[in-house]
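Novice: Okay, here's what each chain looks like letter by letter:
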Amino acid sequence: MARRYDSRTTIFSPEGRLYQVEYAMAAIDHAGACVGILAKDGVVLAAEKKSTSKLLENTVSSEKMYKIDDHLACVVAGITADANIIINYARLSSQRHLYQYQEPIPVEQLVAQVCDLKQGYTQYGGLRPFGTSFLYAGWDVQYGFQLYHSDPSGNYGGWKATAIGANNQAAQSILRTDYKAEINVEDALKLAAKVISKSMDSVTLTSEKLEFAYLHRTEKGTIVLKVLDSATLDQLLKDNAEPANDTM
Amino acid sequence: METILAIKLKDVVITLSDTNAGRSIVKMKDDEDKILVLDQHKLLLTSGEAGDRIQFCEYISKNVSLYELRNGYELTMNAAANYIRNELATAVRQSPYQVNLILAGHDSHDGPSLYFMDYLGSMQKMSFTCHGYAGYFLLSLLDKHWREGMSIDEGVQLLHMCIQELKTRFIVNTNYIAKAVGVDGVRVVPLLPAA
Chain A
117 MARRYDSRTT IFSPEGRLYQ VEYAMAAIDH AGACVGILAK DGVVLAAEKK
167 STSKLLENTV SSEKMYKIDD HLACVVAGIT ADANIIINYA RLSSQRHLYQ
217 YQEPIPVEQL VAQVCDLKQG YTQYGGLRPF GTSFLYAGWD VQYGFQLYHS
267 DPSGNYGGWK ATAIGANNQA AQSILRTDYK AEINVEDALK LAAKVISKSM
317 DSVTLTSEKL EFAYLHRTEK GTIVLKVLDS ATLDQLLKDN AEPANDTM
Chain B
56 METILAIKLK DVVITLSDTN AGRSIVKMKD DEDKILVLDQ HKLLLTSGEA
106 GDRIQFCEYI SKNVSLYELR NGYELTMNAA ANYIRNELAT AVRQSPYQVN
156 LILAGHDSHD GPSLYFMDYL GSMQKMSFTC HGYAGYFLLS LLDKHWREGM
206 SIDEGVQLLH MCIQELKTRF IVNTNYIAKA VGVDGVRVVP LLPAA
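Keeping their order, the protein sequence lines are chains A and B. Going letter by letter, the first sequence gives residues 117 to 364 in this note's numbering. Going letter by letter, the second sequence gives residues 56 to 250 in this note's numbering.
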């Protein structure tokens, strides 16, 4: 009976729900897990890659981790093709702001602009919503390091730590107990390793299936996104990951 | 052409503008305030074509307010200056705004700062500057007397020196208005009555 009201995005159901938007969010729950943790000296992003094959040339393009600007990066959960459109829009927005104001775009402003785009696809045009959620990590002079999450409805929130994608409820509950304010990047990486290992589907825990990165400030004061190489990542996982599926 | 000038001191920027508003040989108004308060920490001094001046400056002023309302914080001086410059530069190849501006203000990033802009979209961050005929008389005076880190009293003294020079040598007789902008906001600087 819900079926009558869910074929078009631009209409409400009698109970006041937007089914297409909800279905989009359900699609994301099947995507590779992503974790974001805000530290006092940076932001950590971690993601599980769903498509891994020896034949994949993964030095050229990333499935999960994207740089939007020098001071802003994001991690994707959901339909990759949809994500590419939004990433491109985010990069354009960021450069437009830089062109007009000669200053990097404040993080929340960028997130809000992307979300306004996403919201448009839930209200007019008759097109389906984007099937992607993002975790954004960024720094600006106003509020320092920040972590945001946006979903297909166009809603966004600022977070200290959060997870999206597969098993995100389990990941969130671990974060709720283990996250401490004033955590630093080093400990945040360890926590991210622990959390993502618990929410991964596969038993094998190697750097091939994961992407880890953190945004931080160098001594010179520039913001840098550092992606962990496979050796460092393997070591991090060895030291901190806990096997999944130990309850069941 | 109207006189507008600004001088960067240790903690504030003081600004001066003439209060004449006229057409051809007629002085229509002698108490026109050409120092627009953009927000709590920014002043925009404007000179140029009658309609363009008000039109452009109100447009800028409302957009600056909109930014603050949307985001909960003011534009930095650097961002505001570049925004204004961008508007001028975009218009210059279609229908230029014939306005010359000085943006003077204060932010936590740079302290007091001031930017010279002209109707072609050029911009320079400066320690002191003027638009109009005033430059012919005052730039050398300011070169001689300006130093880094002047106090507000020294600044006001320098301002009176400038006014005196214009009264002595500039053919147009007019009154002036002065405002200062610093970390605590904007205030009118009282000038000594005309000699």
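Please keep in mind that the hints were generated in silico from the structure rather than gathered at the bench. Since this is a predicted model, take the numbers as computed values, not measurements. Any given hint might turn out to be false.
Capping the alpha-carbon separation at 25 angstroms, the derived lysine to aspartate or glutamate pairs in DMTMM-like fashion look like this [stated by the list, open to error]:
| # | chain 1 | residue 1 | chain 2 | residue 2 |
| --- | --- | --- | --- | --- |
| 1 | A | 336 | B | 86 |
| 2 | B | 117 | A | 232 |
| 3 | A | 276 | A | 157 |
Novice: Can you name, in rising order, the numbers of the hints this structure does not satisfy?
Specialist: Result: hint 1 breaks, nothing else.
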